[in-house]
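2 protein chains.
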Amino acid sequence: MSVTAPKGFRAAGVAAGIKASNALDVALVVNDGPDTTAAAVFTGNRIKAAPVLWSQQVLRAGIVRAVVLNSGGANACTGPAGFQDTHATAEHAAAVLSGRASRFPVGAGDVAVCSTGLIGERLPLPKLLSGVDAAARGLSRDGGADAATAIMTTDTVSKTAVHSGQGFTVGGMAKGAGMLAPGLATMLVVLTTDAVADASTLDGALRAATRRSFDRVDSDGCMSTNDTVLLMASGASGIEPTPEELTAAVTEVCVDLALQLVADAEGATKEIAIEVRGAASEDDAVEVGRSIARNNLVKTAFFGNDPNWGRILAAIGTTAAAFEPDEVDVAINGVWICKGGAAGEDRTKVDLTDRSVTVSVDLHAGGAAATVWTNDLSMGYVHENSAYSS
Amino acid sequence: MSVTAPKGFRAAGVAAGIKASNALDVALVVNDGPDTTAAAVFTGNRIKAAPVLWSQQVLRAGIVRAVVLNSGGANACTGPAGFQDTHATAEHAAAVLSGRASRFPVGAGDVAVCSTGLIGERLPLPKLLSGVDAAARGLSRDGGADAATAIMTTDTVSKTAVHSGQGFTVGGMAKGAGMLAPGLATMLVVLTTDAVADASTLDGALRAATRRSFDRVDSDGCMSTNDTVLLMASGASGIEPTPEELTAAVTEVCVDLALQLVADAEGATKEIAIEVRGAASEDDAVEVGRSIARNNLVKTAFFGNDPNWGRILAAIGTTAAAFEPDEVDVAINGVWICKGGAAGEDRTKVDLTDRSVTVSVDLHAGGAAATVWTNDLSMGYVHENSAYSS
Numbered sequence: 003m004s005v006t007a008p009k010g011f012r013a014a015g016v017a018a019g020i021k022a023s024n025a026l027d028v029a030l031v032v033n034d035g036p037d038t039t040a041a042a043v044f045t046g047n048r049i050k051a052a053p054v055l056w057s058q059q060v061l062r063a064g065i066v067r068a069v070v071l072n073s074g075g076a077n078a079c080t081g082p083a084g085f086q087d088t089h090a091t092a093e094h095a096a097a098v099l100s101g102r103a104s105r106f107p108v109g110a111g112d113v114a115v116c117s118t119g120l121i122g123e124r125l126p127l128p129k130l131l132s133g134v135d136a137a138a139r140g141l142s143r144d145g146g147a148d149a150a151t152a153i154m155t156t157d158t159v160s161k162t163a164v165h166s167g168q169g170f171t172v173g174g175m176a177k178g179a180g181m182l183a184p185g186l187a188t189m190l191v192v193l194t195t196d197a198v199a200d201a202s203t204l205d206g207a208l209r210a211a212t213r214r215s216f217d218r219v220d221s222d223g224c225m226s227t228n229d230t231v232l233l234m235a236s237g238a239s240g241i242e243p244t245p246e247e248l249t250a251a252v253t254e255v256c257v258d259l260a261l262q263l264v265a266d267a268e269g270a271t272k273e274i275a276i277e278v279r280g281a282a283s284e285d286d287a288v289e290v291g292r293s294i295a296r297n298n299l300v301k302t303a304f305f306g307n308d309p310n311w312g313r314i315l316a317a318i319g320t321t322a323a324a325f326e327p328d329e330v331d332v333a334i335n336g337v338w339i340c341k342g343g344a345a346g347e348d349r350t351k352v353d354l355t356d357r358s359v360t361v362s363v364d365l366h367a368g369g370a371a372a373t374v375w376t377n378d379l380s381m382g383y384v385h386e387n388s389a390y391s392s
Numbered sequence: 003m004s005v006t007a008p009k010g011f012r013a014a015g016v017a018a019g020i021k022a023s024n025a026l027d028v029a030l031v032v033n034d035g036p037d038t039t040a041a042a043v044f045t046g047n048r049i050k051a052a053p054v055l056w057s058q059q060v061l062r063a064g065i066v067r068a069v070v071l072n073s074g075g076a077n078a079c080t081g082p083a084g085f086q087d088t089h090a091t092a093e094h095a096a097a098v099l100s101g102r103a104s105r106f107p108v109g110a111g112d113v114a115v116c117s118t119g120l121i122g123e124r125l126p127l128p129k130l131l132s133g134v135d136a137a138a139r140g141l142s143r144d145g146g147a148d149a150a151t152a153i154m155t156t157d158t159v160s161k162t163a164v165h166s167g168q169g170f171t172v173g174g175m176a177k178g179a180g181m182l183a184p185g186l187a188t189m190l191v192v193l194t195t196d197a198v199a200d201a202s203t204l205d206g207a208l209r210a211a212t213r214r215s216f217d218r219v220d221s222d223g224c225m226s227t228n229d230t231v232l233l234m235a236s237g238a239s240g241i242e243p244t245p246e247e248l249t250a251a252v253t254e255v256c257v258d259l260a261l262q263l264v265a266d267a268e269g270a271t272k273e274i275a276i277e278v279r280g281a282a283s284e285d286d287a288v289e290v291g292r293s294i295a296r297n298n299l300v301k302t303a304f305f306g307n308d309p310n311w312g313r314i315l316a317a318i319g320t321t322a323a324a325f326e327p328d329e330v331d332v333a334i335n336g337v338w339i340c341k342g343g344a345a346g347e348d349r350t351k352v353d354l355t356d357r358s359v360t361v362s363v364d365l366h367a368g369g370a371a372a373t374v375w376t377n378d379l380s381m382g383y384v385h386e387n388s389a390y391s392s
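If you read the protein sequences in the order shown, they are chains E and A.
Start counting the first sequence at 3; every next residue gets the next number (this note's numbering).
Start counting the second sequence at 3; every next residue gets the next number (this note's numbering).
Calculated from the structure, these hints are not laboratory results.
Certain hints may be false.
[What the hints assert, rightly or not] Quick list of in silico lysine-lysine cross-link-like pairs, DSSO-like style, CA-CA up to 30 Å:
id, chain 1, residue 1, chain 2, residue 2
1, E, K21, A, K341
2, A, K351, E, K129
3, E, K341, A, K129
4, A, K341, E, K341
5, E, K272, A, K129
6, E, K129, A, K341
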């Protein structure tokens with residue numbers, strides 16, 4: 003069901019020939035209203051792809067009537083011509099949607115655009131525009147699954163999630179396999195809801211949700227030029243949840259999708275949850291978790307089923323978080339193999355045969371906690387990313 | 003010749019049985035004077051190994067008469083007992099050296115200690131102390147090569163360098179293969195000189211040299227608990243160079259050793275020099291170079307012989323350095339495949355068949371420049387680091 007689970011949304015995914023494989027590569031999601039409020043968060047990378055620069059402008063008004071997404075090319079580092087391509091895509095989508103007697107005229111300034119794929123190459127614009135035509139013709143209340151498939155790149159499965167709140171629904175789709183910190187393979191997420199909410203409320207809910215979901219997934223520490231998380235509200239349920247209710251529902255969908263991203267990370271053989279407790283602040287807990295998540299030596303150790311707590315301690319030691327080196331405890335899958343900064347329980351007790359791994363860190367410096375998700379660094383990751391573009 | 007190239011130093015390397023392989027694993031370097039001034043820099047990791055904590059105390063007085071080094075165990079995260087082991091090692095070395103009629107009595111507080119190997123396990127102290135005995139017996143003016151061999155862990159070759167200044171000499175040995183940022187496999191460097199220099203002059207020369215050598219090598223972004231760079235001066239040449247002359251000589255040896263570390267990095271198939279120019283400041287240039295050096299997607303691309311400049315731009319975009327996204331130029335091996343933030347020369351012109359790769363970045367934001375050295379991220383790195391401790 004994906005993005006079409008909430009009332010008021012139609013979607014489609016089509017094969018426009020942008021991908022050489024002829025797989026689905028253009029998605030369109032349209033908000034039929036009655037509301038068209040929206041919010042988004044974008045990559046923190048200073049090198050932003052053309053569709054990010056465009057969509058940032060669109061979101062300033064807090065209104066999005068449709069979003070066009072393509073895989074097969076990131077349209078990043080493509081200069082002014084690339085930006086014109088994105089602009090032309092939005093103009094074309096607006097014209098097509100207006101001509102198809104949508105419930106209201108659509109302007110290009112109400113159309114967000116997302117792209118993912120190789121950086122530095124122009125998109126084949128005629129193919130993309132034909133894809134927009136085909137997608138507009140194919141829009142349906144059942145189109146969420148196809149749309150989720152059309153945004154896949156190195157993903158092995160499409161990612162969708164739905165949460166039903168009190169009288170309203172939040173749906174979402176995501177792509178990304180290397181990913182958030184965010185990863186260069188780019189994370190794109192479209193979230194929809196039929197709740198009634200103004201743009202400011204949506205923005206607050208989205209920022210709170212992403213802060214505790216996508217922002218805490220760190221697969222390979224690489225930040226993409228294209229990452230976008232877009233939330234659109236149709237108001238079609240007629241229900242206006244409290245900001246807290248909306249935030250909770252959006253967060254649930256975001257965490258669900260974030261964990262699907264970790265599970266499908268490039269080459270991953272382990273899904274690792276790093277639970278940091280006893281921190282002086284939540285920021286400290288996140289910093290420590292992220293430092294462990296990004297450490298190549300920790301990640302390769304997990305690939306080798308090696309409970310190498312020394313590398314975890316060394317990663318913690320690179321942070322500015324409050325802790326005393328001789329007070330840190332570390333457990334892997336519940337076995338506290340490091341107590342007080344030195345060897346604890348017998349490391350041979352740690353069972354690392356499962357794909358799922360939990361690292362617990364107690365800093366003994368306060369009452370704050372946070373969880374960061376990552377995966378191992380495998381032969382498969384190196385293979386996939388050394389062969390990606392050539 | 004290594005650390006025994008300058009006059010006034012003797013060294014030895016012996017097999018003490020700490021390594022299961024029975025390879026050389028204990029090294030001793032003794033300064034016979036007449037001077038015994040010294041300076042050192044240590045890991046920035048807050049989790050510091052016992053020998054680092056010990057040696058930091060030793061260096062406070064600016065005097066080092068001898069340094070004991072062992073491979074086969076890092077003595078990190080070993081608690082108070084581990085610190086006592088280091089203390090006992092220094093006491094034992096001091097007693098043995100004093101008993102052997104060294105030119106002057108040696109106190110434990112004048113003996114630095116360095117260890118490298120797995121984190122979290124106690125050292126076999128009796129073996130280490132016997133090794134110190136054997137090394138003391140074996141001390142010679144030709145012992146530099148054995149000492150350099152005895153500190154190897156995953157290194158495939160020993161690393162030594164010598165530079166002859168005007169009437170004085172600087173020698174050095176290094177170990178490290180995953181390494182500086184500094185890497186967890188630990189970087190240990192001992193530098194010697196027969197120049198006349200007080201501790202403060204040595205400190206200034208060493209900090210200036212490491213800042214432009216070891217601090218600009220970033221193999222895997224992982225900072226060790228044990229990294230130590232120690233510089234000892236015997237004054238045996240009778241020559242007192244200017245601080246500038248001394249700094250230049252020490253820097254030359256450090257850069258030589260640093261490049262040997264990059265060349266021998268775990269699993270590396272490429273040695274990559276990242277030359278950043280046109281920066282607003284040297285710090286900006288280093289930040290940009292380091293960001294590229296640490297990016298797993300850039301590093302895997304080079305392993306795949308893929309001139310993926312988009313990933314390089316995305317890495318630059320994560321920095322706070324001064325630049326405009328549409329003004330950045332990037333060349334790989336002299337081919338400017340990115341001009342003004344977009345595609346430039348034909349990427350097929352880039353020849354990546356050589357082991358040596360040069361990435362040039364022009365930020366067009368000023369006149370500062372810096373070079374950072376790294377290597378690719380290979381299958382071999384993952385294999386070696388997933389199998390290291392278990």
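These are the hints, each one checked on the structure:
Under the criterion of a C-alpha separation no larger than 30 Å, the hint pairing E/K21 with A/K341 is consistent with the structure, at around 26 Å. Only pairs whose Cα atoms come within 30 Å are accepted, and A/K351 paired with E/K129 is accepted, the gap being roughly 28 Å. Restraint check for E/K341 and A/K129: satisfied, since their Cα atoms lie roughly 27 Å apart, inside the 30 Å limit. Our distance criterion of 30 Å between C-alpha atoms is broken by A/K341 and E/K341, whose separation comes to about 53 Å.
The straight-line distance between the Cα atoms of E/K272 and A/K129 is roughly 39 Å, outside the 30 Å bound, and the hint therefore fails. Under the criterion of a C-alpha separation no larger than 30 Å, the hint pairing E/K129 with A/K341 is consistent with the structure, at around 27 Å.
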